[in-house]
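Heads up: the protein sequence lines correspond to chains U and Z, in order.
Start counting the first sequence at 77; every next residue gets the next number (my numbering).
Start counting the second sequence at 1014; every next residue gets the next number (my numbering).
Because the hints were derived from the structure by calculation, they are not lab data.
Even glycine gets a Cβ: it sits at the ideal position worked out from N, Cα and C.
Some clues are possibly wrong.
[Said to hold, decoys possible] Cβ pair distances, simulated, as ranges:
#, chain 1, residue 1, chain 2, residue 2, range
1, Z, D1117, U, L113, 44 to 50 Å
2, U, L496, Z, K1415, 32 to 38 Å
3, U, M539, Z, D1521, 51 to 57 Å
[What the hints assert, rightly or not] Computed from the model, here is a short list of chain U residues facing chain Z with C-beta under 10 Å:
#, residue
4, A102
5, M104
6, W448
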Amino acid sequence: MIAGTPFTLGSPETCLGVGLLAVLLADMVLARTHQQLTAWLAVLTAAVAMAIAWHTPVAGLPFGTPARTAAIAIIGLVLLANTRVGEQDHGAWSTNVLAIGLGASLTASAADFVTLWLGLELMSLPGYVLAGWRARDRRAAEAGMKYVLFGGVASALTLFGISHLYGLTGQLDFGLAAPAGPLSPTLVAALCLSTIGLGYKLTVVPFHFYAPDVYQGAPAIAVAAVSIAPKIAAMAAVVRLLTNLPFAGADLALAGLAIVSLGIACFTALVQHDARRILAFSGIGHAGALLLAAACLPGQALGATLHYLLAYGAANLGAFVCLWLLEPKNGSGALADLAGAWTRRPGITALLSLFLLSLAGLPPLAGFLAKWNVLAMALQRDAGVADRPWVTWGAVALLLSTPIAAWAYLQILRAAVLALPPPETTRESRRPDAGAMAVLAICAAATLGLGLWFDAASTLDAMAR
Amino acid sequence: MIGLLALTVLGPLLLAVLAWLLPGERLARHLCLLGALLTFGIGGHALLQCAAHPGAFVLQEQHPWSQAFGIGFAFGVDGIGAAMLLLSGLITAVATILAWHQQDRSRLWHALVLLLLAGMNGVFTALDLVLFYVCWEVVLLPMLLLIGIWGGEQRRYAAIKFFVYTLAGSVGMLFLIVALWANTEPAGQQIALDVTARTWLSLPADALQMTLPRGFDLRHLALQWHVWHQQTLLGVPLSTFGFWAVMLACLVKVPAVPLHTWLPHAHVQAPTAISVLLAGVLLKLGVYGLYRIAWPLFPVEAAAFAPTLGWIGVAGILWGALVALGQTDLKRLVAYSSVSHMGFCLLGLAAGTVAGATGGIVQAFTHGLSSALLFLLVGVLYDRAHHRRIDGFGGLARPMPKFAWLLLLAALAGAGLPGLAGFPGEFLVLTGAFTAGGRWPWLGLLATGSVVLSAAYLLWTQMRVAYGPLRHPEHQDFADCDARERLAAAPLVLLLLVIGIWPGPLVDVLRAPCELLLHHVQGARP
């Protein structure tokens, strides 16, 4: 009945699952002095899973392979950035992050609604834990609670929709036996309900309300894990749904969501006073741009989507690692607490600026080329592409939101680079270790490389087909 | 192999990295000066080449960048680009000498100035629209940091306003660039070649037809203007949309009234050397964009909307002059005088005569010299008095005779006195307007009025600052311009005199590309 990817011993999910259990066991068994091993075991697990994912094509969806690999790679980099045991319960940290990777991998390769739901839940549950990681902090408690409540409702609605889909068609795989002719309104309603979970993971308006609070309350490094990998996986699921269930008006719906997300995100980001909240709204805006890319499917939009995900992933991960390294001991992301970062850590602050400018879409960085590719897809008029005024309006929204979003990113830059340090400048922050520096180097190289390599999208498109 | 023009971009980029990473403040400033002199030298060489090949693009080179979109690292300059490149190198050298004793984080400072130089050079030498746009945006970041870190009291506000304002102005251009790509035939476009096209593309006289590949070569795009004249985007003709998108991006940079409001803030808050760069080169990016993108790519719209631009220009000329008359802060005064003088560039191009168009770009060049000198002198005063209020000075000619002479020269050049470089540009623009027929003489007449106004505010300032009795006894001890300040001013003074007395060669080398441009615009029929 289920025509999805057969999960075998050789699939990345198996590797992640086994590694996750091994880390859990090692955490219990190993003495305190050997805890460092668990951290490296987790990194190793992610690396092996990534290699497997790269060499194991996702059945029926070429796009799934690079997406799944990228999601696991992001998880691996997050683990690599934070290998220093002692700050927190490191075994639990590694397990949760790996579990997000497992969920992302499952979501990206899902071909039926049950696997999709399972993957989404697997990403959500560890996310709830990470959001409330600093349990004694009021903000973290609020973040965790909000995340659980919103996530629970989204999950329940998704399941509700899936039950209707099953009742209407007797099928659970994405093709739904592809009913001939237009979809019935009931079926469309059920489909909309069952994709709420995806919208929630993508942080698309109107499913975005939790994001700013979670980003603000969770440790910056945890946000890096819960913000990027789920987005990549959810986009893979969106692409698969759209290719299996092409319905008339998809471009209108997606472009509409994109316009609303872009518009709300850029203006709301402007009035924030917390770097992580600004980045949360940035994520909402970028999700809108991603939906705009999805609205251009089919065509060469697969490459554009993948490039956008990679560019966003590299810059966002880099930005969060930088913020994590710059934040004071109490974990505050407030702009006022960033003041004088430039004098304390010029290198990290310069990298933070690079990532923020990439997110803002300034050439010649990756974010610019990502935006360029989406625009090129949205405006193309090659033979066989129907006239899509809504997508064009989406492109207009993407452009109009650019300077406003850039203004919001400049608020972070203003605090970190331009503002004077407060008189007592001896604020302690984390010392970057080799792992974190390696992650930053990879992110910076990707941010520059994906920006200068203008043919990246067409190469990626060939890969994703 | 990397050619000379690519070197003007890559060289400063590489030097910027070196200046930032290598230890030693002395090294950084020498690297910065090296980058500027390199640009100046290549610009001079290009100018001589242009004089030998009127109207053609010299020192061309092309390196592939994107196969999928047809983008290349294409460089080449005609007289306009070469003159701007020379100006960019010269003003950067002046700014570097001015900031020679920069103490605070000087390696970063020089690295950013070099990055700025690379961006400006890229704009002036790019023959590819995407490369042009990338360099156009690259300029923003160093400027943001240079104003935001080293500026005055309200530097953060001014820097962010500058950044967001100019970015907002140029996103429409990005939209246009992508739309142009989307609306050209993948197989290429076949077009008939006329004399302009042959000169631009350096083709022999017997070449009559050519298939232009899909891509972003500026000359190819200019020759395909009729393609997007027939396309629409959301119901608006693509060419109309594109013309206004480019106009918006350029008019913000120029800056034209009413899009000028970022300029006084940026100028007042910026450190002296950066004000010099901003007025000397950055404002010229906007004028250059009009000459290189808006007019060639959208000739029909350019002809149709030229009167609008003419009125915008005249509005800027008069508004800038009148507001300058009422300023009490020296830097704000010079900033508004820039708004006024840059209006002449717009009027000249809009008038649609060879004299006007040539005058517009001559004015851009000479305004770069005179405004840089004015800002330099304001900086000299500020270094000594730590304020810039005009009524806080008086009689400075006594303790600072050299300064007073330089200020007089800069003021007279700015006011357009014959014999100094301000004159040929304004004269050509006004001639262009008076000979254009229709309502243009009226615009010329209004612009002429501002010559009186600019003489009034500049000479009145000169009088209040330099002449009369010494108003503040403590100014008696002010040191005159020292050797470094005189060295920074020397090339500007020299060029102001040379171009003022003998403008022929510069005008000639700028006239040829302007003739071709107007030929192209007037030959375009919808």
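Evaluated hints:
no. : hint                         : result
1   : D1117/Z - L113/U: 44 to 50 Å : holds, 47 Å
2   : L496/U - K1415/Z: 32 to 38 Å : holds, 37 Å
3   : M539/U - D1521/Z: 51 to 57 Å : holds, 55 Å
4   : A102                         : violated, 41 Å
5   : M104                         : violated, 47 Å
6   : W448                         : holds, 7 Å
Comparing the model with each earlier hint shows violations of hints 4 and 5; every other hint is respected.
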